[in-house]
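Once you have looked at the hints, place chain U on chain A.
Protein chains in written order, with our numbering: chain A, 1 to 460; chain U, 1 to 460.
Treat the hints as calculated values from the structure; they're not laboratory data. One should not assume that every hint holds.
[As the list claims (entries may be wrong)] In silico EDC-like links for lysine to aspartate or glutamate, alpha-carbon gap of 16 Å or less:
hint, chain 1, residue 1, chain 2, residue 2
1, A, K156, U, D180
2, U, K156, A, E417
3, A, K403, A, E377
4, U, K420, A, D180
5, U, K406, U, E395
6, U, K342, U, D371
7, A, K420, U, D180
8, A, K208, A, D224
[Claimed, not checked] Heads up, incomplete: computed chain A residues facing chain U, CB under 10 Å, no partners named:
hint, residue
9, A113
10, T173
11, S246
12, G252
13, Q253
14, A255
15, I317
16, P335
17, V337
18, G415
Glycine included, C-beta positions come from ideal geometry on N, C-alpha and C.
Number of protein chains: 2
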Amino acid sequence: MMSTSSNDSNSIEKLFTARSIAIVGASTNPEKLGYQILSNLLRGGYTGSVFPVNPRAEELLGKKVYASILDIPENIDLVVMVIPADFVPQGLREAVEKRCRSAIIISGGFREAGRADLESDLLDIVSSTGLRIVGPNCQGINFLANQQCTSWPLVKASGPLAVISQSGTVAATLAGWAVDEGFGISATVSLGNQIDVCESDLLEFFHKDESTKSIAMYLEGARDGRRFLRVAEAVSSQKPIALLKSGMTPGGQRAAASHTRSLAGSDRIFDAACRQFGIRRVYNLESLYDAAKGMGTLTGIKGNRIFIITSSGGSGIIAVDEAERNGIEVLPLPPDVVGMLKQTHISPNATFSNPLDLTVAPSSHYSEALDIISSEEIVDMYLVIFGDPIPGATEVVSQLVQKVGKCVAVAYLGGGEVEKEERTKMHHSGIPVFPTPERAIQGMKSALWMHEVQMRKLDT
Amino acid sequence: MMSTSSNDSNSIEKLFTARSIAIVGASTNPEKLGYQILSNLLRGGYTGSVFPVNPRAEELLGKKVYASILDIPENIDLVVMVIPADFVPQGLREAVEKRCRSAIIISGGFREAGRADLESDLLDIVSSTGLRIVGPNCQGINFLANQQCTSWPLVKASGPLAVISQSGTVAATLAGWAVDEGFGISATVSLGNQIDVCESDLLEFFHKDESTKSIAMYLEGARDGRRFLRVAEAVSSQKPIALLKSGMTPGGQRAAASHTRSLAGSDRIFDAACRQFGIRRVYNLESLYDAAKGMGTLTGIKGNRIFIITSSGGSGIIAVDEAERNGIEVLPLPPDVVGMLKQTHISPNATFSNPLDLTVAPSSHYSEALDIISSEEIVDMYLVIFGDPIPGATEVVSQLVQKVGKCVAVAYLGGGEVEKEERTKMHHSGIPVFPTPERAIQGMKSALWMHEVQMRKLDT
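Chain A on its own, in the form it takes in the complex (with noise of 0.2 Å):
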């Protein structure tokens, strides 16, 4: 049953929209990802069908245990393959015979343990079938807008970050920090040996993918190299995408030439390539989270002046230097404006400049100070700095985006409980909080980049 043209029949989609899932392997034992796979699939509130395969069990969790695949009453969409390597081929061979078109490998064993036959042995299915196949030896997928969390840990906490990783332990970082901060994520994919399903294969997806703004994902070496930079290049002009790519120095090449056999190639070639075809390159794990939080929700800067506000003056500073250490350009204010601040409530402490230190202040201070300066069109972006628990914070940056758009970013910080509440909130109304000046400063940075980008491509 060879199938290759057809776009329906050879699409990824089934993996993310499955209504109907097995998850062969499911186990018993709470301590196996073959159990915790199922339990997390049924807590996450997944509305499809769900059928765990095993020969020595009969109940599991509340659902009926199947011996075989092929003793499973109706149609599967998708497999989730929980079982030891040498027993996978003849399981998707069955489910390839109950018409299933979609895959998930967990199990490892394969090609990064010396078993690259038994990896041939998938190849042949996948060219002989059409099935797709995510993995084999990965963390599996976890797709929000489907309540559908076939992979671990449980992330419930719906919102506009992809990940797409060769690491289950990255995705599962970003996915854990999102959930902490209350940014919430739309998917995590975790690639695996990449055997069929690649990062271009998802790039592709997720640039369909509504509940996807952006996207962040973790490569050792591309599949396919010069596809990813095609795709990329399509998929950014919309989406941004940021890029951690480890394998950088000798000794993590030869690491990664282990993990998921990805050959590294020219550090300095890739660099340049990122450069032109759009992908914002980052150096590390937090700057990826940073980098993709920002570009997702930042789409309204379109320039490198900024203004800043806070009630912290130290952290003021820290996000000056930080600004013009990246060519963002802190200018200090009109006379004119300095003196409608001070007619305002404002302490006669503050230090009327840029940035606007306001000193211990309530949440009003920032918005009388805001809507002045907001009416003078003067920056281009805006750092709001909340030093201290302040209450009322996400009122106040709501009302500034309403007025000039998607490019206020915040720092809160030094602020306990109201902070993390005030975080929660202002996440759900799209607007980035970063822990820290300098991180707020990036994830702007990183969102200029994107607009640059964009309009050169506009250009050409």
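Quick look at chain U alone, frame taken from chain A:
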């Protein structure tokens, strides 16, 4: 009553070890700092006497309120001022009349607000009475060994890190991180305008303070640069100092001049001086925390060869990249060691190399591997990466530390709730846990740097 020579009368100790504290400007309004500081002092478990002062109240949080400092029936070791600037000099004179020798002035509205005259009054009081003053325009002192939170927010998690900061928010931010991850602090001091007690006085105090193992400093400019370097050199030979100095860029320097009237001086010269005098200079807030944490805990790192063990292949590669970029050597494992590792319960799918990628693994696999490696004395430091929710991590690492000493850092990521629990447990055992491999490497690099500085000092 002039007093200059005696160490006792001029000591700043009572700022930290006060047995009786007056809070002038204690307020009935929970939104005011005068309320919050009183409340924090009481809720923090302070066991000395507390005297709220406010002419318009009779009782506050169960404490009798005094109309004036002079009405307080007992001696006062420390007075905290939270009243408008104009009234501060008179309040201080009354405190001196009560033989009080230490003051924290929270109030702003002095030099930084154009009231150099008021600040002169304070200086006159200092020089004529020997009263020791922290501030004005500051966020106070938090000293956990005395359960004394004359500051905000309230921090009750006791740990080895002291923070000295020209920004109250920076101090509160580092303290907040230390609380959230169970690392804890020994103290925070917010310097404010530093009319009397300055960064060097505080370094000398923390040098002797047994609860402090390392010091994080945020400065916009040293009050007396030469003394600062001389004192820092003496302190850092026993207690590591990490420093974030802002006001590095032209805009940052202008902002620093407004904030605390600090003159920034030449950044390049300052940088060279830091190296020479053993101060670990860092360039952003998170690095400040990581460097102080790493140097205070990783006191056994005496060479640059690292062993990296992980359950997450990607995290291992990221760690290697960061290590090699920072001059830390990731040497291959000798063949006989690889042979021994293959005789354990570690999965045959593991990558038996450095980094040792266990793949998905229980904590016992870490123990087996680390037992073998640590017996070989082939490395100087260990980075243990947990890239999944792995219970029992603390026991693994504690055993390793017992064997090899304080040269073990942990990166724990992608581990959800288990991660949070294990992180707190490890911090209580004095083992530093970092949120990413890159930050762990940076913490270790700082510790190695400090070791090299201390060796150099022994040589000369």
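- Index of numbered hints that the structure contradicts, given in increasing order: Checked against the structure, the hints that fail are numbers 1, 8, 16 and 17, while the rest are satisfied.
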